[in-house]
Amino acid sequence: MIADRFERRLVDAILYGSVLAILVFFYIPIITLVVFSFTESRFLTYPIESYSTKWYFELIADKDFLPALGNSALLAVTTCILATALGTAGAIAWIRLQFRFKRVFQIISFAPLLFPQLLLGVVMLLWFSVLGNWLEFSPSLWTAAIGHIIYITPFALVIVAVQVVGFDDTLEDAARDLGASDIEVLKEVTLPLLWPGIMSAAIFAFLLSWGNFYLTYSLSGTARTLPTYVFSGIAVGSSPIYPALATLTFVPSLLLVGFADFYRRKLAKRKTV
Amino acid sequence: MRVKEVNWSNKGLLSATGPLTIMLLLFFLIPFFMTVVLSFQSTQYYRLQWTWDLDIWKEVFSEYFIWRIMWRTLTMSALCVVLCVVISLPIAYALINRMKSMENNVKILIVFAFLADAVLKTFGWVLVLDKSGVMNGFLAWIGLPEIDILFSPTATMIGMVYNLVPYTIFTIYLSMDRIDRDLVRAAYDAGASRFRTFWEVTLPLSKPGIFAGAILVFVLSLGVFLEPKVMGGGTRPMAAELIRQSFETRVNWPLGAALTLVVIAIGAITLAIAGKIAARTSAANATLAQEDSK
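These protein sequence lines are chains U and L, in that order. Take our numbering: the final residue in the first sequence is number 290, and no numbers are missing along the way. Take our numbering: the final residue in the second sequence is number 305, and no numbers are missing along the way.
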């Protein structure tokens with residue numbers, strides 16, 4: 018009996034301890050960045066002597082920052098829309114339809130996920146250089162967008178597929194019996210029911226593209242997004258503007274993740290009622 | 012959910028798969044085959060020569076330093092996989108069995124940390140591990156001697172595990188979540204200890220998740236570039252750095268293409284072996300179950 022109680026205590030200690038430890042581990046660099054963004058000093062050393070917000074103004078004054086922010090936003094929005102659309106269509110084919118060469122379709126639509134990102138970027142860059150020679154263009158933001166779409170679509174596909182599995186397709190029959198056309202069924206029944214999955218896929222796609230370094234680094238040519246802007250900055254030398262930038266970008270992604278969860282909970286509640 | 016059998020002339024099927032297939036064909040499959048073609052060419056004075064020979068492959072297989080870097084990449088990736096799985100097991104288990112009310116909040120915290128910009132997080136680790144950084148400040152505060160691990164393989168490994176462990180947490184969580192609780196209760200009733208139950212019931216049943224996570228982490232860690240560069244100080248490069256250098260610094264595209272294919276082949280071979288093992292164990296389990304039922 019005592020041994021059993023001891024064992025239970027030990028198991029609890031390991032389990033709660035490991036969750037606590039992983040959260041500390043995950044948030045060490047994130048909190049460090051937030052704290053260091055408010056330093057007064059030029060050097061990022063501990064302890065911090067006095068606090069100020071001047072590095073935020075320095076960051077905004079940096080001439081490369083706003084273009085990078087704009088590029089990041091443009092890239093993330095484009096990728097988010099196209100990857101989610103392609104992923105949703107793909108997910109419906111994956112789960113609901115049976116056709117010849119389905120296996121081949123599944124393998125090639127999933128393969129980019131199993132490619133190391135830098136290599137995917139390099140392989141695509143080779144192709145874009147060849148195409149660029151023929152058609153006279155050079156890698157820029159839109160080549161990076163294609164790379165992002167290829168890499169992020171499988172993620173979107175998996176997330177939507179989970180929603181498609183739980184889909185009640187008799188509702189479509191009901192709509193058809195009532196005289197709805199195929200397009201109307203898609204617009205009024207299928208998509209609204211898949212909406213939670215599509216929504217979280219879109220948020221995921223946006224954030225994956227927003228934070229993507231490897232593909233942008235290989236494919237964007239001279240155009241810079243926030244991750245490559247930071248990388249080229251810290252390769253030269255660290256400056257407190259990067260923690261300030263980190264803090265600024267954490268805020269919108271925290272809001273998005275929170276919003277996704279709020280939305281999901283609201284839907285779950287509506288289902289139980 | 013019914014699965015509808017359709018023909019390739021079906022409009023719905025074409026619009027569901029067409030755009031994605033064309034996209035993947037144009038920007039994924041063609042580039043991949045081009046890489047293969049490119050690895051049979053050579054360069055002279057930084058210019059590509061269409062020679063169609065095996066010179067580059069001979070170079071790849073005879074250069075000692077290439078294989079040293081490949082071996083380092085492989086061992087680092089293997090260690091990273093083991094660490095990620097070992098760390099994720101208790102966390103996935105705790106999320107499912109202990110965190111009734113907190114589960115969602117913990118999950119959101121993990122997802123947010125996972126989706127935050129990787130370059131910035133890696134830079135955050137540099138600030139933590141720096142000689143005059145947060146960690147040594149903390150160690151001095153509690154009266155311990157300082158440690159200097161930034162720009163070492165240890166720091167690279169911390170960065171790799173940090174960026175990749177969410178993948179194993181998610182996959183193992185998903186597969187553990189599907190385990191029937193009654194099986195665990197039955198093991199307790201039969202007198203098994205908690206550790207034994209975990210070892211003999213939970214662990215074997217979460218194998219698919221462990222496998223999927225391990226493969227994903229392995230493949231992704233074959234291509235890491237950021238962590239060895241920023242946290243490892245670039246002194247012990249891994250395969251991705253080597254490939255980037257052959258493209259950018261040495262402008263030797265055929266060599267870069269060949270090295271890319273080597274890394275992809277290593278990943279694919281591991282994947283195939285893992286698939287074989289997974290198939291064999293599940294087949295063995297099936298025959299075992301059959302004999303039991305006799």
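What the hints contain is simulated information worked out from the structure, not anything from laboratory work. Predicted, not measured: the structure shown is a model, and the values here were computed from it. Any given hint could turn out to be false.
Keeping only pairs whose Cα atoms sit at most 30 angstroms apart, straight-line, the calculated BS3-like set for lysine-lysine is [to be verified]:
1. Lys286(U) - Lys287(L)
2. Lys142(L) - Lys71(U)
3. Lys218(L) - Lys142(L)
4. Lys111(L) - Lys286(U)
Some residues of chain L that are not near chain U, with every Cβ distance over 10 angstroms (derived) [claimed, not checked]:
5. Phe39
6. Tyr75
7. Arg109
8. Thr133
9. Asp141
10. Gly154
11. Ile160
12. Arg189
13. Leu194
14. Ala198
15. Arg205
16. Arg291
17. Thr292
18. Thr298
Between beta-carbon pairs, the in silico distance windows are [stated by the list, open to error]:
19. Ala294(L) - Asp29(U): 32 to 40 angstroms
20. Pro269(U) - Ile280(L): 38 to 46 angstroms
21. Val48(L) - Gln123(U): 20 to 28 angstroms
22. Arg192(L) - Pro269(U): 34 to 42 angstroms
23. Leu216(L) - Gln123(U): 20 to 28 angstroms
24. Pro269(U) - Met113(L): 22 to 30 angstroms
25. Glu201(U) - Trp82(L): 58 to 66 angstroms
26. Ile77(U) - Glu74(L): 30 to 38 angstroms
27. Ala252(U) - Asp159(L): 16 to 24 angstroms
Heads up, the beta-carbon is just placed ideally off N, CA and C, and yes, glycines get one too.
Fill in: Status of the stated non-contact between Phe39(L) and chain U (beta carbon gap over 10 angstroms)
It is violated; Phe39(L) is separated from chain U by about 5 angstroms at its closest Cβ, not greater than 10 angstroms.
Quick check for students: does the CB of Arg109(L) sit more than 10 angstroms from each CB in chain U? violated (5 angstroms)
The output says Arg291(L) does not contact chain U. Does that hold with a beta carbon cutoff of 10 angstroms? Check passes; 21 angstroms lies beyond 10 angstroms.
Does Asp141(L) clear chain U by more than 10 angstroms, comparing its Cβ with all Cβ atoms of that chain? At about 7 angstroms from chain U, Asp141(L) fails to clear the 10 angstroms cut-off, so the statement is violated.
Falls inside 20 to 28 angstroms, the C-beta gap from Leu216(L) to Gln123(U)?
-> Holds - the Cβ-Cβ distance for Leu216(L) and Gln123(U), about 25 angstroms, lies within 20 to 28 angstroms.
Hint check for Asp29(U) and Ala294(L) - Cβ pair distance inside 32 to 40 angstroms: holds (37 angstroms)
Taking the closest pair, is the beta carbon of Arg205(L) still more than 10 angstroms from chain U?
violated (5 angstroms)
Classify the label on Leu194(L) as holds or violated, using whether its beta-carbon is more than 10 angstroms from each beta-carbon of chain U.
The claim stands: Leu194(L) keeps its Cβ more than 10 angstroms from every Cβ of chain U (closest is about 18 angstroms).
Does the no-contact call for Thr298(L) survive, Cβ to all of chain U over 10 angstroms? Correct as stated: the minimum Cβ-Cβ distance to chain U is 26 angstroms, above 10 angstroms.
Check: Between Arg192(L) and Pro269(U), is the Cβ distance one that fits in 34 to 42 angstroms?
Finding: Given about 39 angstroms between the Cβ atoms, the range holds.
Starting from the range 30 to 38 angstroms, see whether the pair Ile77(U) and Glu74(L) falls in it by beta-carbon distance. Roughly 48 angstroms apart at Cβ, these two residues miss the hinted range, so it is violated.
* Assess, step by step, whether the Cα of Lys286(U) is no farther than 30 angstroms from the Cα of Lys287(L), and give holds or violated. => violated (43 angstroms)
Violated hints, in rising order: 1, 3, 5, 7, 8, 9, 15, 26; the structure is consistent with all others.
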